[in-house]
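Novice: If you count the sequence shown from 1, position 399 lands on 467 in our numbering, and the numbers rise without skipping.
Just to be clear, a hint being listed does not mean it is correct.
Said to hold, decoys possible - Ranges between beta-carbon positions, derived for each pair:
{"id": "1", "residue 1": "Ile243", "residue 2": "Gln170", "range": "42 to 48 Å"}
{"id": "2", "residue 1": "Ile261", "residue 2": "Ser80", "range": "36 to 42 Å"}
{"id": "3", "residue 1": "Ile392", "residue 2": "Gln369", "range": "31 to 37 Å"}
{"id": "4", "residue 1": "Ile243", "residue 2": "Asn115", "range": "41 to 47 Å"}
Said to hold, decoys possible - Derived EDC-like pairs: lysine to aspartate or glutamate, alpha-carbon spacing no greater than 20 Å straight-line:
{"id": "5", "residue 1": "Lys162", "residue 2": "Glu149"}
{"id": "6", "residue 1": "Lys371", "residue 2": "Glu500"}
{"id": "7", "residue 1": "Lys371", "residue 2": "Glu534"}
{"id": "8", "residue 1": "Lys430", "residue 2": "Glu500"}
{"id": "9", "residue 1": "Lys422", "residue 2": "Glu433"}
{"id": "10", "residue 1": "Lys518", "residue 2": "Glu534"}
{"id": "11", "residue 1": "Lys176", "residue 2": "Glu201"}
{"id": "12", "residue 1": "Lys432", "residue 2": "Glu500"}
{"id": "13", "residue 1": "Lys225", "residue 2": "Asp165"}
{"id": "14", "residue 1": "Lys129", "residue 2": "Glu217"}
{"id": "15", "residue 1": "Lys134", "residue 2": "Asp194"}
{"id": "16", "residue 1": "Lys162", "residue 2": "Glu203"}
{"id": "17", "residue 1": "Lys386", "residue 2": "Glu516"}
{"id": "18", "residue 1": "Lys398", "residue 2": "Asp380"}
{"id": "19", "residue 1": "Lys432", "residue 2": "Glu481"}
{"id": "20", "residue 1": "Lys176", "residue 2": "Glu149"}
{"id": "21", "residue 1": "Lys490", "residue 2": "Glu419"}
{"id": "22", "residue 1": "Lys405", "residue 2": "Asp395"}
{"id": "23", "residue 1": "Lys432", "residue 2": "Asp395"}
{"id": "24", "residue 1": "Lys386", "residue 2": "Glu481"}
{"id": "25", "residue 1": "Lys228", "residue 2": "Glu217"}
{"id": "26", "residue 1": "Lys485", "residue 2": "Glu419"}
{"id": "27", "residue 1": "Lys183", "residue 2": "Glu217"}
{"id": "28", "residue 1": "Lys430", "residue 2": "Glu412"}
Source of the hints: derived by calculation from the structure; they are not laboratory data. Even for Gly, the Cβ is constructed at its ideal location relative to N, Cα and C.
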Amino acid sequence: MKGWGCRVTIRSTLRAIVVLLLLFSVTSTVVVFYQLEKMQQDGAVINTAGVVRGATQRLIKLEMAKQPNDELIQKLDGIIEGLIQGDESLGLPKASDEVFIQEMNKVKSEWQSLKGTIESAQRSGDMTALVQESESYFATTNAAVAAAEGFSAAKVKALKVIQSVLMVFNLILLIAIWFMSSNRISQPIQKLIGIVEHLNVSENIPEHFMNRKDEVGGLSRAFQGVIHNIRDLVAGLALSSEKLADSAAFLGNISQESSTAAMEIAKTIEGIALGASDQANEIQNGVAQMDVLGHLVAEDQKKVEDLRQATDRVEQLKDEGTMILADLIKITDQNGKSAQEVQETILETNESAKNIVEASLKIKEIAAQTNLLALNAAIEAARAGEQGRGFAVVAEEIRKLAEESNRFTTEIENITKVLTLKTREAVVKMGEMDSVVKIQSESVSATETKFAGIAEAIDRIQGYTEIISNSTDGIADKNQSIMNMIQSLSAISEESAASTQEVSASVQEQTAAMDQIAGASQELAALAEELESSMQQFTQR
């Protein structure tokens, strides 16, 4: 392409605009900051002038209170001199405003006079002249403060004027930039866009755009190059479209044959998929039944375990009952022996009671004889008179003892009769108890025989329970193995059915794709014909 080494004016124009805006912005910023710094210094001047006024009034008050302050006087000397000549330590610039300089010179002159008045007042003690002169000095400092405020206000007005001027220049510059960019950049590009939008590929870009020395000209030449490339490409496409039409027709025939074969394969695979699905369903039903069987086997195992625990409990109770029965046999034997011993003791007691009765009868006979002898002795004592009175007393006592013996003998006889009666009843009861003990012993023996039979039956039940438990465990293991095998078979069947369905779906998709390819081939052939006819309009350069 020619003309690419031309001078690019749009880029230069944009650079110039940017540089101009940058310079204008920097200048405006520098001016504003400079004025702001001056205004800040003016503020320090106004504040310091006010300090002179206030400090002087404070000094006068101290002098009137007889409290001189030479340090404050020296400080005021430095401040007044700094307001006129400038002082970096106080941040004060050198005075440049003529009005302010005149007012500060007045302040300086009156300050020197006021210091002399202060010294005179200190020596004489009369403060009248000091007060009058301080009032005049106060008015002078007010005038100096007003002068400082005046030139500060003037600088503020000047800053406003400068800002207004800069704003006007800024607006003028922006308007100039807008017109320049519109004439040099926007309008040519928009015109080129309009030409390109309505340009036929067989036509060329106008010469006046091609001959421009800026980016628009470069863009026009680039578009012209693209048009030449498109024309070359279209020529190649015209040749390829003929081959494409032939290939599309051949592809359509092959696609039709492949679609027919795929449909037959899809029907066969669909039948296989249905069979695999039915097989998977049957296996799934078998899994469900085996699951139910597994639950039943688990319940049987639980019941067998409960039966085993119950059998163990019965075995424990049987052992405890056998022990209790053995103790009962021992106790029954001991009861029999004790009853026999009690019966023998009662019989011996009965014999002893008989002996007591016989002894009581003998004592009763002896008491009767003793009573008779006492009576005879009393008679003989009565016959003897006074000599036999003592004997009569003894005979009376013997008679009383005989009567007491007779009465006790009667009581012993009664008690012995009752004891004999109770002993006979006890003998009868012991006979009955002996019969009961014998019956109890026979019952205990029969119970022992029954317990032996129960123990033997429990041992057999335990053996059967162990056999049932082992069989149930074996059934559970076999059931789990069968369940695992059926689940594996079910998974394989489901995978086979799913794979078959996927293959069937893939074949169906392939069939649909072949149909689409056949349709697309027909459309492609038609498009190739249309393309071939459309290429004829690009034969011109």
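Novice: Would you mind marking each hint as holding or not holding in the structure?
Specialist: Status of the hints after comparison with the structure:
no.: 1; hint: Ile243 to Gln170: 42 to 48 Å; in the structure: holds, 47 Å
no.: 2; hint: Ile261 to Ser80: 36 to 42 Å; in the structure: violated, 23 Å
no.: 3; hint: Ile392 to Gln369: 31 to 37 Å; in the structure: holds, 34 Å
no.: 4; hint: Ile243 to Asn115: 41 to 47 Å; in the structure: holds, 44 Å
no.: 5; hint: Lys162 to Glu149; in the structure: holds, 10 Å
no.: 6; hint: Lys371 to Glu500; in the structure: violated, 51 Å
no.: 7; hint: Lys371 to Glu534; in the structure: holds, 13 Å
no.: 8; hint: Lys430 to Glu500; in the structure: violated, 36 Å
no.: 9; hint: Lys422 to Glu433; in the structure: holds, 17 Å
no.: 10; hint: Lys518 to Glu534; in the structure: violated, 24 Å
no.: 11; hint: Lys176 to Glu201; in the structure: holds, 14 Å
no.: 12; hint: Lys432 to Glu500; in the structure: violated, 37 Å
no.: 13; hint: Lys225 to Asp165; in the structure: holds, 15 Å
no.: 14; hint: Lys129 to Glu217; in the structure: violated, 27 Å
no.: 15; hint: Lys134 to Asp194; in the structure: holds, 11 Å
no.: 16; hint: Lys162 to Glu203; in the structure: violated, 27 Å
no.: 17; hint: Lys386 to Glu516; in the structure: holds, 11 Å
no.: 18; hint: Lys398 to Asp380; in the structure: violated, 27 Å
no.: 19; hint: Lys432 to Glu481; in the structure: holds, 10 Å
no.: 20; hint: Lys176 to Glu149; in the structure: holds, 8 Å
no.: 21; hint: Lys490 to Glu419; in the structure: holds, 13 Å
no.: 22; hint: Lys405 to Asp395; in the structure: holds, 15 Å
no.: 23; hint: Lys432 to Asp395; in the structure: violated, 53 Å
no.: 24; hint: Lys386 to Glu481; in the structure: violated, 57 Å
no.: 25; hint: Lys228 to Glu217; in the structure: holds, 17 Å
no.: 26; hint: Lys485 to Glu419; in the structure: holds, 12 Å
no.: 27; hint: Lys183 to Glu217; in the structure: violated, 27 Å
no.: 28; hint: Lys430 to Glu412; in the structure: violated, 27 Å
Taken one by one, the earlier hints fail for this structure at numbers 2, 6, 8, 10, 12, 14, 16, 18, 23, 24, 27, 28, listed in ascending order.
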